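Using the sequences and the accompanying hints, generate a full structural model.
Those protein sequences? They're chains S and R, same order as listed. Residues in the first sequence are numbered consecutively from 1, following this note's numbering. Residues in the second sequence are numbered consecutively from 1, following this note's numbering.
One or more of the hints may lead you astray.
Computed beta-carbon distance windows for the label pairs [stated by the list, open to error]:
{"#": "1", "chain 1": "R", "residue 1": "219", "chain 2": "S", "residue 2": "1", "range": "41 to 47 Å"}
{"#": "2", "chain 1": "S", "residue 1": "242", "chain 2": "R", "residue 2": "68", "range": "45 to 51 Å"}
{"#": "3", "chain 1": "S", "residue 1": "236", "chain 2": "R", "residue 2": "304", "range": "46 to 52 Å"}
{"#": "4", "chain 1": "R", "residue 1": "166", "chain 2": "S", "residue 2": "13", "range": "46 to 52 Å"}
{"#": "5", "chain 1": "S", "residue 1": "178", "chain 2": "R", "residue 2": "166", "range": "36 to 42 Å"}
{"#": "6", "chain 1": "R", "residue 1": "23", "chain 2": "S", "residue 2": "184", "range": "52 to 58 Å"}
{"#": "7", "chain 1": "R", "residue 1": "17", "chain 2": "S", "residue 2": "242", "range": "40 to 46 Å"}
{"#": "8", "chain 1": "S", "residue 1": "236", "chain 2": "R", "residue 2": "58", "range": "19 to 25 Å"}
{"#": "9", "chain 1": "S", "residue 1": "1", "chain 2": "R", "residue 2": "17", "range": "54 to 60 Å"}
{"#": "10", "chain 1": "S", "residue 1": "56", "chain 2": "R", "residue 2": "68", "range": "51 to 57 Å"}
{"#": "11", "chain 1": "S", "residue 1": "31", "chain 2": "R", "residue 2": "173", "range": "48 to 54 Å"}
{"#": "12", "chain 1": "S", "residue 1": "1", "chain 2": "R", "residue 2": "58", "range": "26 to 32 Å"}
Note that these hints are calculated values from the structure, not bench results. All values reported here derive from a predicted model rather than from experimental measurement. Just so it is clear, CB atoms sit at the ideal spot from N, CA and C, and this is done for glycine as well.
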Amino acid sequence: MKDDILTVIWKERKGLFRIRGRRAQALLGIFSPVMLAIYLPLQEGARWVGSPLSLLLAFVAPLILVGISIPDSFAGERERHTLPTLLASRLSDRAILFGKIITSVAFGWGVTLVLLLISLVTVNVANWDGHILFYKPSILLAALAFSFLIALLTAGAGVLFSLRAATAQEAQQTLMAVLLIPPMILQFALFAILSSESGEARFREVLASLSFEQVILVIVAFLVALDLGLLLAAMARFKRTRLILG
Amino acid sequence: MTDTAIRIENLTRDFKTVSAVDDLSLEVPAGIIFGFLGPNGAGKTTTINLLLGLLEPTSGRAEVLGFDTRTHADEVRTRTGALLEHPGVYEQLTAEDNLEFYGRVWRIPSDERQARIQELLTHMGVWERRKERAGTWSKGMKQKLALARAMLHRPPLVFLDEPTAGLDVVAAAAVREDLESLAAREGVTVFLTTHNMAEAEKLCSQVAVIREGKLVALGHPDQLRARAGGPRVEIVGRGFSENVLNLLRGRPEVIAAGVENQHLEIDLRQETDVAPLVSLMVNAGVQVEEVRRGKASLEEVFLTLMEEEK
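Here's what the structure looks like:
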């Protein structure tokens with residue numbers, strides 16, 4: 001199984017964003033996180049390395065990057081009529097599934113780490129005072145964990161949407177729309193809570209009772225549970241007998 | 001390998017209210033090119049998907065290379081090659097990388113893989129263009145690449161689903177030629193679906209005809225031709241008047257006589273001496289240039305079978 005997964009990764013890596021017409025889309029997709037990695041540190045200044053705002057990059061970048069690559073890998077394979085031949089090979093369903101997911105997650109997570117590095121270089125160049133600024137350990141660990149878990153979450157959800165979509169583009173649009181709904185709901189909920197004085201007071205009270213590390217752990221635990229659920233659902237649905245019927 | 005490459009027993013696959021494959025039973029001997037003929041929507045692709053274990057049958061069973069397709073689908077796929085409805089070529093990869101990938105999939109050792117890729121691409125006449133992206137290739141070249149991919153791991157059995165469909169005459173002939181020579185050289189059993197009767201006639205030593213998922217005929221192309229119609233004589237010449245045709249139709253050995261494309265075609269009840277018929281025509285004023293004995297083409301047999309089923 002390990003060799004088969006590596007074989008799928010070899011093919012996925014070779015084909016990543018080489019599809020005609022998709023390269024521009026991929027470049028545009030990468031452009032926004034790169035801008036975030038430069039713009040946000042410039043705005044925040046030296047506080048960037050200790051600010052929870054730097055975690056925004058760890059949330060947004062893998063979501064966009066994996067959100068582009070995973071539908072292309074799954075729905076795109078079907079759209080380009082290469083899936084039936086792959087299914088007629090000796091590769092197992094799991095090897096194909098994991099090979100594709102690992103490639104997309106590695107791409108999304110890897111580029112996010114590079115972006116975190118770019119933002120660190122940016123903040124050091126813009127605020128150079130003879131000392132190298134580096135992320136606080138808790139921020140760095142949270143950024144590493146968040147970016148990985150968000151990449152995995154996007155991949156899991158992406159597989160499920162890709163299996164239902166007719167084209168890679170349809171899968172990308174649905175995936176992005178659905179993944180942006182929870183943050184929007186959260187934003188509206190926060191707005192509703194903070195609009196009343198009592199609500200705001202209660203919210204501040206809850207926040208004050210929790211340490212930064214505790215909040216991070218709660219989010220990580222929530223994401224791990226969500227990732228596992230999505231992966232299990234993807235494994236259950238990614239079956240030859242279903243896929244061949246298209 | 002067993003003497004039978006494929007054994008199908010009462011295989012049925014339903015999709016909601018439609019039976020794509022309906023109580024199909026047949027055997028494919030090893031080492032031959034077997035033609036699986038039928039019109040569009042007859043169930044040819046569904047049968048291949050069932051034989052590869054990509055679909056589960058509603059009832060019945062099939063054995064491929066001795067493995068049950070329901071319980072040992074992985075074994076079947078490990079030992080077979082396939083060129084399905086679409087070539088399934090990764091257009092963003094080079095031709096060489098396409099084969100490299102599937103060579104890795106079939107775990108062919110690196111040295112052997114490189115040699116086999118070179119051998120197949122050279123055989124197909126595209127070795128010099130191996131570094132080009134497959135997406136830049138013509139449809140015929142992609143189909144050749146897909147054929148090379150299906151044969152890459154030297155499977156004892158390959159499934160080819162309409163390998164020349166949509167190709168121009170020259171490209172189709174080139175793919176057919178490659179297929180014929182590769183199959184002969186490597187002793188592979190080929191399960192070939194097509195609705196190109198000339199192709200089946202040229203390549204296949206046994207054919208099955210299906211319609212609406214049901215088997216309607218099975219045998220050697222000659223047997224099918226004999227079944228569909230008796231011997232035939234074609235006469236090239238001048239002066240095929242209505243009077244001559246009526247004279248011929250009055251003969252007991254003649255079933256039918258008619259002029260098509262300025263050739264006289266006479267269907268006979270049995271193999272018989274045609275000299276009396278020729279002299280009858282000459283005496284009636286016909287100028288005979290050529291007399292050819294013949295049988296119904298596979299295409300005519302096929303059309304007859306489709307009409308019978310209706």
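Going down the list of hints, with the structure as the test:
no., hint, verdict
1, 219(R) <-> 1(S): 41 to 47 Å, "44 Å, holds"
2, 242(S) <-> 68(R): 45 to 51 Å, "21 Å, violated"
3, 236(S) <-> 304(R): 46 to 52 Å, "49 Å, holds"
4, 166(R) <-> 13(S): 46 to 52 Å, "31 Å, violated"
5, 178(S) <-> 166(R): 36 to 42 Å, "38 Å, holds"
6, 23(R) <-> 184(S): 52 to 58 Å, "55 Å, holds"
7, 17(R) <-> 242(S): 40 to 46 Å, "20 Å, violated"
8, 236(S) <-> 58(R): 19 to 25 Å, "22 Å, holds"
9, 1(S) <-> 17(R): 54 to 60 Å, "39 Å, violated"
10, 56(S) <-> 68(R): 51 to 57 Å, "55 Å, holds"
11, 31(S) <-> 173(R): 48 to 54 Å, "49 Å, holds"
12, 1(S) <-> 58(R): 26 to 32 Å, "31 Å, holds"
Of the numbered hints listed earlier, those contradicted by the structure are 2, 4, 7 and 9.
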